[in-house]
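Listed in order, the protein sequences are those of chains W and C.
For what it's worth, my numbering labels the leading residue of the first sequence as 1, then goes sequentially.
For what it's worth, my numbering labels the leading residue of the second sequence as 204, then goes sequentially.
None of these hints come from the bench; they were simulated from the model.
Cβ coordinates follow ideal geometry from the N, Cα and C atoms, glycine included.
It is possible that some hints are incorrect.
Stated by the list, open to error - Covered stretches of chain C, as calculated for chain W (at least 3 residues, CB under 8 Å):
(1) 259-271
(2) 591-597
What the hints assert, rightly or not - Derived list of chain C stretches under chain W, where covered just means 3 residues or more per stretch with a C-beta under 8 Å from a C-beta of chain W:
(3) 308-314
(4) 569-578
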Amino acid sequence: MRLLTERLGADLRDLWTDEDTVEFAIDGDRNVEVLTLLRDDEELAFFMLADEAAVDYGVDAHFEVVYHLFSWKHPAWLRVRARVDRSDPRIPTVTHLWEGATFHEREMYDMMGIVFTGNRDLRRIYMSPDYRSFPQRRDFVLPDDAADSPAHGVNPLERPETWDLSRFRDAPAVTFPPSSERDDAPAESVTGGETLADKSRPR
Amino acid sequence: MTKTDPEVRIPDPIELDRLEEDRLRAVAGLTPLHAGSGEYAGFDQVGIPDRPPQTEREREVYSLDEGEMLINMGPQHPSTHGVMRLVVKVRGEIVVDIDPVLGYLHRGIEKLCENATYTTVLTYVDPMDYLSTMHNEHAPAIAFEKLYGIRPPRRAEYIRALVVELNRVFSHGLMMGFLALDMGGLTPILYAFINRDEIVDMLSAISGQRMLFNFFRVGGVNFDTNDEFLSRLGTWRSHVLTNIEMNEHMITDNEIFRSRTIGMGTLSGADAISLGVTGPNLRASGVPFDIRKAHPYSIYNELEFDVITQQGGDSYARYLQRIAEIKQSIHLIDQIIDKMPHGPVQAQVPGIIRPRPGRAYAAVESPRGLYSVYSISDGGPTPYRFRMRDPSFISLQAMPKLMPGRLVADTMAIMASLDPVMGGVDK
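Required output: the full structure, derived from the provided sequences and hints.
Rendered as structure tokens:
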């Protein structure tokens, strides 16, 4: 951590750590400089990009692109959170540092609508090319109402407290007529020796 | 069959013609015709409505030089290990470029998980990478335990490690079978499935499910070991090494298998790190990166094992790596059974978990590489953000590097050696 503070100086914000992760935040437009330093500095040597993900903090907040890095020299995962403005969701690409970031960035573009400037292959990866929404944003509503129900995705019909039993209580008792009055009565009860099957048959 | 030297590129008559034409034009003081900037052919070639290219890379793939053509493989090609389409640019029989088209199996599992309770998430991740179900559940379980601030009992940790290693054994075994199947060898896959069924029966005895086990819980596992599981485990352990040896005899020294894997799809260690390739594929390129050692989770720091690597980096090295890892997993299983303590298998956890607001990252070594979960809690009963990094999704990026210059028939063999599972790729 001391090393991080020395090397990054003013870029470093909100340094935080838990049992196996060190985390800090940077500005979105400084991500390439910071990640290049983290990768190429001999004492830091975070050579592997383990994960790159986007987080949406809500309609009146911002996006975040989160990088997880690994180094042999430090026993913790390093998490770098880069802030992206929601009104202008642009951030420089890191595909020239790690080529494998291409698919991560395509997925983020597809799901969150974040544009990575400089990425050579920024097109949709899961949805079809003519799709126009960004399905993992918080303001994207799922077509079924289960998603924003008070039960948070649990089907309301499966929760007993939501069952409306009043219509069963007020309903009249169900009784069956005697078998002689019913249409589907057994054939023996039909008078005249004719069976129902005979009646339905055209003459 | 004559043995081909993989390092020698098969000469292509059309390419020779073009080189000769350019040479003559250079002699005459003219600019070369074929500078590699072909005309944009558009999408009509692969059977979808034509449209302008969206990116540089798309223009590059869908532009054709003289003598080149685009063909579709998939989405229903039997060898694609699932529903995926490859647009292959070929010159004659030689692959020039390749563009994987994904999304045919996309279910939006991340979005589903953000609308489900923490307990339910562990069931949603099951069908993702359907050959390593136990690993899929392991990473979210660790992440949620970190968020919630509990530790599972030690016996639960040992049972987790045991089922996870069993899962790795059958997943690697199937990869060997599929690799041989993609080269036309039908027999090994049958033996691979016989071996898999033994383990799957064992795991269904402990978990109650046959394929999507749904065995892990936040704070432990669902069931303790039972008699049927243990007796099946003992029977399996008594003959598993013999079975693996038989598989090795069937595949490893096979002349056709060797000539179609040695030198094919060679990936250097530096390239693999840059491309994000992890797991056995990375270790086959000589990089000793294994999360179980590099960043120990669960009880792996109490077990004795070394990280196995191969030096070749080609399909054959990736195959040998799988065999070595199966043996390593069996060695780990022996140790786990020896050391397994007594005690409860589930910590006290309420039915609906509401962790404190926070962030957690957990990574496990799945049979296909680094499988990690990044979960954010806002204090509610569902994760605010649930992100999964699937190793086979990232490994697919290596394909445009490995396949150019090879024959069309070898693309499937190289792809099978990377061992992607489309359920995980498309999430």
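Results of checking the hints against the structure:
1. Counting residues of the region 259-271 of chain C whose C-beta sits closer than 8 Å to any C-beta of chain W gives 3, which meets the bar of three, so the coverage hint holds.
2. With 3 residues having a Cβ less than 8 Å from any Cβ of chain W, the region 591-597 of chain C passes the three-residue criterion, so the hint holds.
3. Three residues within the 8 Å Cβ limit are the bar, and the region 308-314 of chain C against chain W gives 4, so the coverage statement holds.
4. Counting residues of the region 569-578 of chain C whose CB lies closer than 8 Å to any CB of chain W gives 3, which reaches the minimum of 3, so the coverage claim holds.
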